[in-house]
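Colleague: Heads up: the protein sequence lines correspond to chains A and B, in order.
My numbering numbers the first residue of the first sequence as 172 and each following residue consecutively.
My numbering numbers the first residue of the second sequence as 463 and each following residue consecutively.
Hint data in this document are derived by calculation from the structure and do not stem from the laboratory.
Glycine residues also receive a C-beta, built at the ideal position from the N, C-alpha and C atoms.
It cannot be assumed that every hint is accurate.
[Unchecked claim] If you want a taste of the chain A side facing chain B, the calculated C-beta under 7 Å gives, among others: (1) I204; (2) T205; (3) F332; (4) Y340; (5) I496; (6) A515.
Spelled out, the chains give:
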Amino acid sequence: MNIIREIFWPLVAVLAAFLVGGVIILLLGDNPITAYSLLLSNSFGSLRDIGWTLHYATPLIFTGLAVAVAFRCGLLNIGAEGQLYVAAFAAAWVGIKFGGAMVEIAGKKEDWSWMSLPAFLLVPLCMIAAIAAGGLWGAIPGYLKARFGSHEVINTIMLNFIGIALVGYFTQYFYKVPGDPIQRTAEIGEAAQIPRLNEFLTFIPYDVPLNIAFLLALLMCVLVWAFLWKTKWGYELRAVGENPSAAEYGGISAKKQVIVAMTISGMLAGMIGIGEVQGTRHHFEVGFSADWGFLGIAVALLGRNHPLGVLIAAIFFGVLSRGEIFVDAFTRYVSKDLGWVLQAVIILFVASFQTYTRRKGGATKI
Amino acid sequence: MTDIVIFSLLFATIRSATPLIFAALGGLFSERSGVINIALEGLMLAGAFTAAVVTLQTHNPYFGFVAGLIAGAALALVYAVACIKFEADQVVAGMAINFLMIGLPALISGVIYDSTGSTPQIALADKMPMVTNSLSWGSILAFALVPACWYILYKTPFGLRLRAVGENPAAADAAGVNVIRFRYTAVMISGILAAAGGAYLSTGQSSLFTKQMTAGRGFIALAALILAKWRPVPVLLACLFFGFTEALTITIQGMIKLPSGEGIPVQFIEMIPYVLTIIVLAGFIGTSRAPKALGIPYKKES
Chain A
172 MNIIREIFWP
182 LVAVLAAFLV
192 GGVIILLLGD
202 NPITAYSLLL
212 SNSFGSLRDI
222 GWTLHYATPL
232 IFTGLAVAVA
242 FRCGLLNIGA
252 EGQLYVAAFA
262 AAWVGIKFGG
272 AMVEIAGKKE
282 DWSWMSLPAF
292 LLVPLCMIAA
302 IAAGGLWGAI
312 PGYLKARFGS
322 HEVINTIMLN
332 FIGIALVGYF
342 TQYFYKVPGD
352 PIQRTAEIGE
362 AAQIPRLNEF
372 LTFIPYDVPL
382 NIAFLLALLM
392 CVLVWAFLWK
402 TKWGYELRAV
412 GENPSAAEYG
422 GISAKKQVIV
432 AMTISGMLAG
442 MIGIGEVQGT
452 RHHFEVGFSA
462 DWGFLGIAVA
472 LLGRNHPLGV
482 LIAAIFFGVL
492 SRGEIFVDAF
502 TRYVSKDLGW
512 VLQAVIILFV
522 ASFQTYTRRK
532 GGATKI
Chain B
463 MTDIVIFSLL
473 FATIRSATPL
483 IFAALGGLFS
493 ERSGVINIAL
503 EGLMLAGAFT
513 AAVVTLQTHN
523 PYFGFVAGLI
533 AGAALALVYA
543 VACIKFEADQ
553 VVAGMAINFL
563 MIGLPALISG
573 VIYDSTGSTP
583 QIALADKMPM
593 VTNSLSWGSI
603 LAFALVPACW
613 YILYKTPFGL
623 RLRAVGENPA
633 AADAAGVNVI
643 RFRYTAVMIS
653 GILAAAGGAY
663 LSTGQSSLFT
673 KQMTAGRGFI
683 ALAALILAKW
693 RPVPVLLACL
703 FFGFTEALTI
713 TIQGMIKLPS
723 GEGIPVQFIE
733 MIPYVLTIIV
743 LAGFIGTSRA
753 PKALGIPYKK
763 ES
């Protein structure tokens, strides 16, 4: 494949987004050059900035891969947001129930856990909980599509609302420390937590929360690539995405692949629970996601639904996430909402001009 | 007592169904011409935001309403260009439109009102008068549009051609119908109607715009459209059904108590319309047939 052709339209899309964004910043009454230099200098300026940028990129690698795997099967998973919420809550729940979590209520210590597992058991258990919960929340729309033919886009959107409400309910009524003004669960046990990278890579500044979930994300890029292009299942999944009727004719069950793709997609989105709950926050919090599930769509499209592309695109959006905090703080009118606009322009451009990424088997019906 | 409950439920159903009817009828035109309209949510938000801002600035609700419709048409044009001219994947482009309308209103509202979350309240004097205490002109318009759309779709040459474009664009083209122009028109009509639904939300049902105030109504309207098998009168019934579930959730929120004496947690009540949408889609889509050319860009054969 011609490398220039591969990256030409994504680059045009990014440039177009910045151009449109610049015009909007100008119309809002700020200086686009100031805004953009704030954006870039604060995300690449120092080792600390780069660390933070990669930290912001980590969840986007997971959701980008999640959306890309579904896309490869001809499915649009808009449900990564719901999947990652359910998964993060599951990780926190296991971390509380099996991690010997102690909660202080009105000066008295209370034990909320069932047992206290050692780290070598609890860390993987929490990870499995997150992956399984995310996978389940992805499998539901996959099953509904395969069994009833109902469209995954509407179902995943509905499951976003349902999943977020559901874990919000459990947090508020069962796992919140009484008196805590924030809608979050109690802290998970220490044995459930995963280390930050600066604990063994001492050149990373102390305040950078980048944790081993980043390494997991890199590993997933490799694994997803190997799965899609080096295994029979991956081949079948892509075959269904390319042309469902031809795949069926060749003896591949499109229905099975739809469920497989959505389950894997949900599992990948669910891995955000590992980094955010076990690594960064040590609790589940309502509203903790910075719309990563939706950003994943832009990441996947910009990355051409290829793991390497997803990695690069996720880092690009990591730059935006890191930088927009400073743009928000140091410009008068530009707020984080500019990110939605940039995303929308990128998606529109990629969808409009990247003609050869389109499915061949005809579009999905709604 | 029960009469009051039934009456309030009835009017709440009509109120909740109104934005859905506008949006679903909008989706009907677009999808009957062969263009998927998953951007209904964004188009509604465009109408809702523009109507609220123009009403606030001019103190004239009619200006606000019309401005909302224009905004919907303009945004729909962007969507139409992407889908028809550039043959973008309609679902992906539609989601981009939805994302755009999460960010753009917040940015503009931040500049004008110094708040990205919502606009100020519209004064009661600046709102459209109501028909009765609990019935608005917006609802009357929405209900009146149903037979109008039915007539346009089934009894006029325009409707016949529109349906032909959605079913078999090549044949329509051969018969001298300009497929591309029909699709542009249909998507713009759908933008105007969806925006009307949004404008009703922000200036009729409530008195301000809040970020993402449509809360999935665009998607529920789409589900209603599928449930109605892309026909106007069933669209009304499907929207009333979804409106009823929303009305029910509002009504039972304070009324029904759990055995423990507590109310039903708000999270569960919020979920009801979403769960119902999934069930309805699973149960009915098998018997539902989409316009044949839905989602497929039209290329003229040379």
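Colleague: Each hint: holds or not?
Modeller: Here's how the hints hold up against the structure:
For I204/A, the suggested interface contact is broken, since its CB lies about 18 Å from the closest CB of chain B, more than 7 Å. Checking T205/A against chain B by beta carbon gives a least distance of about 16 Å; that is not within 7 Å, so the hint is violated. Checking F332/A against chain B: minimum C-beta separation of about 5 Å stays under 7 Å; hint holds. Evaluation of the Y340/A hint against chain B yields a held restraint, the C-beta minimum of about 4 Å falling below 7 Å.
Because the closest C-beta pair between I496/A and chain B is about 15 Å apart, greater than 7 Å, the hint is violated. The restraint placing A515/A at the interface with chain B holds, with a minimum CB-CB distance near 4 Å, inside the 7 Å limit.
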